[in-house]
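> Residue numbers (numbering that gives the first Met the number 0), protein chains in the order written: chain A, 0 to 377; chain B, 0 to 377.
Hints were generated in silico from the structure; no laboratory data involved.
Misleading hints may appear alongside valid ones.
As the list makes no split between identical chains, a pair holds if one copy fits it or if it spans any two.
Straight-line distance between alpha carbons at most 30 Å, and here's what the computed DSSO-like set of lysine-lysine pairs gives [claimed, not checked]:
| no. | residue 1 | residue 2 |
| --- | --- | --- |
| 1 | 115 | 251 |
| 2 | 168 | 375 |
| 3 | 52 | 275 |
| 4 | 78 | 115 |
| 5 | 54 | 78 |
| 6 | 70 | 52 |
| 7 | 42 | 180 |
| 8 | 350 | 248 |
| 9 | 180 | 52 |
None of these values were measured; they are calculated from a predicted model.
So the chains spell out like this:
2 protein chains.
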Amino acid sequence: MKKFYRCVKCQTIYPFNRDILTCPKHSKYYGYLTLIYDYKNVKLGNDKNVFKKYKNLFPLEEFEINFNEQKTPLIKLNKFGVKHELSNLYVKDESKNPTGSFKDKESLFAINMALKWEVSNIFVVSSGNAAISTAAYAQKAGLKYTSYVPKNLSVGKRFLIGLYGGLVKEINGNYEEIYRKAIDMPFPGWNCTPGLNPIKEEGIKVIGFEIFEEIGVPDVIIAPCGNGTLLFGLFKAFKELSFLGVTTKMPKFLGVQIRGASPLKSAFEQQEDFVKLNDIPSSIAEGIVAEESYSSPKVMYALEDTGGEIIEVSDSEITQAIKEIIKTESIIPEPTSAVAYAAIEKVNINKNDKVVLINTAGGQKNLKEIMQLLIKAS
Amino acid sequence: MKKFYRCVKCQTIYPFNRDILTCPKHSKYYGYLTLIYDYKNVKLGNDKNVFKKYKNLFPLEEFEINFNEQKTPLIKLNKFGVKHELSNLYVKDESKNPTGSFKDKESLFAINMALKWEVSNIFVVSSGNAAISTAAYAQKAGLKYTSYVPKNLSVGKRFLIGLYGGLVKEINGNYEEIYRKAIDMPFPGWNCTPGLNPIKEEGIKVIGFEIFEEIGVPDVIIAPCGNGTLLFGLFKAFKELSFLGVTTKMPKFLGVQIRGASPLKSAFEQQEDFVKLNDIPSSIAEGIVAEESYSSPKVMYALEDTGGEIIEVSDSEITQAIKEIIKTESIIPEPTSAVAYAAIEKVNINKNDKVVLINTAGGQKNLKEIMQLLIKAS
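Working from the sequences, and respecting the hints, build out all of it.
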């Protein structure tokens, strides 16, 4: 099956290989490239297993390194739905992945692609779920892995990355500065950072195809956004289904960011490819606090194409949402993931719309933090 | 489909209802009863979904309260297997259940059975995974739930049970004393404690059927044992498959307990239904440290029937196993679950035997503890 990279902005075509990550006509710091398939010749299988059925829409068919990943559950939110006057509200619970977050979908694809392309050394600029997930898959694959992180990385996170065999290298600066410094290094390895590496969104498509297999095309999908890889990957899954003529309907995409730290919202309002914010606030949803989003050009495309938008939520709204979803559905999201539940209150959704929100990661590993939040709020 | 309870010891038959939990001819503190189906008339379906295919072998066909539970992954342990000279070693990763442990399989069945039988008030004597899991399902079901616990329950566990809407009641004494006191109370509710309530092992059968669907009958199954519900439930799954004539082979069952806190080993050696130990040591595998095992009569039956045995492991062996499984397979088990990996070293298994060990729960929520263990051991 023929595949190539295409720039979402200038449509320039590039070959699909390890040496190209983003469009040199724009910026080396932003993800402009996306993988394009020979859609006319794509055939879907009959298998119930998404990896088999959709193999023509994936960059590789074999996953040598895997945890025998299973379908994540799509859970109907009955009580929480009633509370928000929605009768078809679902959550796709990505906390059931190998290391407990949706990042494992990205890692499965990126690490196996790295093996196929004989990359021996990879890096990610992240101190959160992406760093942890990449480390786990890289260790299993025997790849050398480095995580570039800010100086104040918590002992627990450092320990976890190290446990999975990853190197942790500290660089001065905030996330955005570290990100640029790492890219500017002479030989830091293959860049697996979400937002830049186009393989990552290919893994996310698995989530979209699984949703489609279970309930068809939702009316609305609500996704937490840092870089926005999750939102764009989901969009790409449904867009490719429409290229194939399997459906004509597209979901409306609602991305969720933190009030005051929502570069995607600013970019969308200002009709820019990307926006860099200054003096952003801190937030309990630390995984998506962002000055800029490296998938921004792609997210803009997805929002414009589907009439979507970016919703902003505050810490108190997140805390309220955590409380509510635990008490109604016994689901504990991590605060970064809880923004999706918080966003429900802030948008107009029709009562009978089929709505899917993405639980990006669970809160079991953040229990102490959640305990403090809830005690403070009560 | 006709069903009844039968005592594993004296074979007395009892009706299948909410008012009977154990055989009054023996002890009210031990689980003697197990659910018997009309095996001659059981028909298996063709569905790939275990809940549908095996519905005639489950106490109920509808699970009103559920998290849309998916099949847990059976992961081939390549590198860890090579290290232990085993070429067909697998782990069934039960950490991917809704609250992160195999106890969710038990809760799914027990809570839905409680709803069907119009029980409004349930209790469990546990301060660990069973308490947390039962709380999560009970809250979703709107059932009143109490966890009877020892006085020194950690703040984190108490918080988690409370978060899921459960009451925590402290009783003086160690686990075994509290267990008896709770059973002796006038109206403590329906007893969902693992080891006593026979519904629990029915849920465990799901794990067995899933293994069977994927790789047939293993030669060896290795399961951590506190009460031993897990071991007996797995045994029952394969035993029922043999009643149905689907297979004639049975796996050999290896239960794993803590050295010096292994009442099942003592009972097996002494040919007793159960044994009560004194002055047991503490262990990092706190979930299975036991003076006595309430499923003991059933476990004895399973071991005798299959030529199985109970393996003892020590804390240093557990720590070593945690290190090894993380470094080779990027799997982080909780210490209680890690006893299964530690046991591999201690038994004679043929190189090509198909071996499945059960990862009962993940270590993500015990990271601080695991960090301390590994630092101390290094």
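> None of the hints should be skipped; say for each whether it holds.
Now for the hints, and whether the structure bears them out:
no.: 1; hint: 115 to 251; in the structure: neither (35 Å within a copy, 39 Å between copies)
no.: 2; hint: 168 to 375; in the structure: between (34 Å within a copy, 24 Å between copies)
no.: 3; hint: 52 to 275; in the structure: neither (40 Å within a copy, 54 Å between copies)
no.: 4; hint: 78 to 115; in the structure: between (46 Å within a copy, 19 Å between copies)
no.: 5; hint: 54 to 78; in the structure: between (37 Å within a copy, 27 Å between copies)
no.: 6; hint: 70 to 52; in the structure: both (13 Å within a copy, 18 Å between copies)
no.: 7; hint: 42 to 180; in the structure: neither (42 Å within a copy, 64 Å between copies)
no.: 8; hint: 350 to 248; in the structure: within (19 Å within a copy, 54 Å between copies)
no.: 9; hint: 180 to 52; in the structure: neither (40 Å within a copy, 55 Å between copies)
Checked against the numbered hints given earlier, the structure breaks hints 1, 3, 7 and 9 and satisfies all the rest.
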